[in-house]
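4 protein chains.
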Amino acid sequence: MTIRSNGTLQDLIETIRGFDEARDWGKFHSPKNLAIALIIEAGELLEVFRWMTDEESRSIRPESDDYQHSAEELADVFIQLLRIANALDLDLLESARSKIRVDEAHYPVSSSRGNAKKYK
Amino acid sequence: MTIRSNGTLQDLIETIRGFDEARDWGKFHSPKNLAIALIIEAGELLEVFRWMTDEESRSIRPESDDYQHSAEELADVFIQLLRIANALDLDLLESARSKIRVDEAHYPVSSSRGNAKKYK
Amino acid sequence: MTIRSNGTLQDLIETIRGFDEARDWGKFHSPKNLAIALIIEAGELLEVFRWMTDEESRSIRPESDDYQHSAEELADVFIQLLRIANALDLDLLESARSKIRVDEAHYPVSSSRGNAKKYK
Amino acid sequence: MTIRSNGTLQDLIETIRGFDEARDWGKFHSPKNLAIALIIEAGELLEVFRWMTDEESRSIRPESDDYQHSAEELADVFIQLLRIANALDLDLLESARSKIRVDEAHYPVSSSRGNAKKYK
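Residue numbers (our numbering), protein chains in the order written: chain A, 1 to 120; chain B, 1 to 120; chain C, 1 to 120; chain D, 1 to 120.
Quick caveat, the hints were computed from the structure, so don't treat them as lab data.
Keep in mind the model is a prediction, meaning the values are calculated, not measured.
We put the CB at the ideal spot given by N, CA and C, even for glycine.
You may find that some hints are simply not true.
Unchecked claim - From the structure, some residues in chain C lie toward chain B, with a derived Cβ separation under 10 Å: (1) K32; (2) A35; (3) I39; (4) I40; (5) T53; (6) D54; (7) I60; (8) G114; (9) A116.
This is chain A alone, in the form it adopts within the complex:
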């Protein structure tokens, strides 16, 4: 993935905030309800790949319906994720960077290379 689009993550966050405020949807958007919405979208994403083999899932092409469908479901997961981060006033980039530092300690290259055993 390379970001080719104009605009930043912060712009997107502001767009979603404006969208929700215009619709007065904040009252539905407790962290609990948003975490429910997120897992439902994650299920819809998984549905795209359900009966594919691993190899088939690696081979879907940008012009296929499956690709377009997965792009939409990924977008839905992302939007709900940003809503939760917003509701909790949490900096998602910082949380992710922090988690990767934890994972780097947890999965040293020497013992994890090519190995899914310890990969939880």
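Fit chains B, C and D to the given chain A structure using the hints.
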């Protein structure tokens, strides 16, 4: 959510790519397997809020264990999401912006204001 | 829940087995794929209750669309669950009884009464 | 799956009901909260198979840790499913039989044989 951290989304994507390449984990990371990993993380996030009321989930404080725990699980969801976007070579910011344009047409402010009925 | 229907769980298991054999679907039904199918159905069930309050979810009536919809999604979850048990040749009644004995030790009445704290 | 155990599904339902009543857990058990609990358990089940290939998931043996773990997670899904059916006062055997009749019409043997295309 306001991004207070230095570094951009593109930096984070590169960090994850480097992490995975060092461990040779690309072979596990088919879109199908990553979509599975994503929904498992989404379940772990939801677990934080499971027995809370809506109001309780709105009231968790940054210094609480629940807040720290949800930050970690949000990070895990985000990381898997970026891995899928990477595997599909898909620009997640652009997909999200495009999806919001669809949602704006689907949920006009006039009929959606304060209303979850049509909110799917 | 009271079972008012004729026929037993074993009958249902045989019906599903016959259904799948007639369609030669065993080749899709690895435990991994069935566990994917199960969580997708669980997401569709959760979708019925997504924007309801707790109280609203307690109040849905048998004649409502939401009730009928949840009955169908519960059935889908149940069917996938029986397929996995079948694929693993596992006695689900026995597993459930055994798990409840574990839970009885884990959540003693004295300390668990009216308390969700330790309820994981 | 063959049921080798003594006792029926109705017995299991009564056991779970007694378990919950002794702990006064009915107040946590709205259909919404139970549907959340169910999908979390479904995620834990899926976790067992996460990095396995399809073939590996077909080959797990009753004496392995993975098998025991999946039996426990299947039991947890089943118990939550029975709790939801109980909360909605819904006969799960009847719902499943009814759903299979729908599926039989939806997936005629002639066009569905060996074919996952239409399998949603």
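Numbers of the earlier hints that this structure fails to satisfy, in rising order: Of the numbered hints, 7, 8 do not hold.
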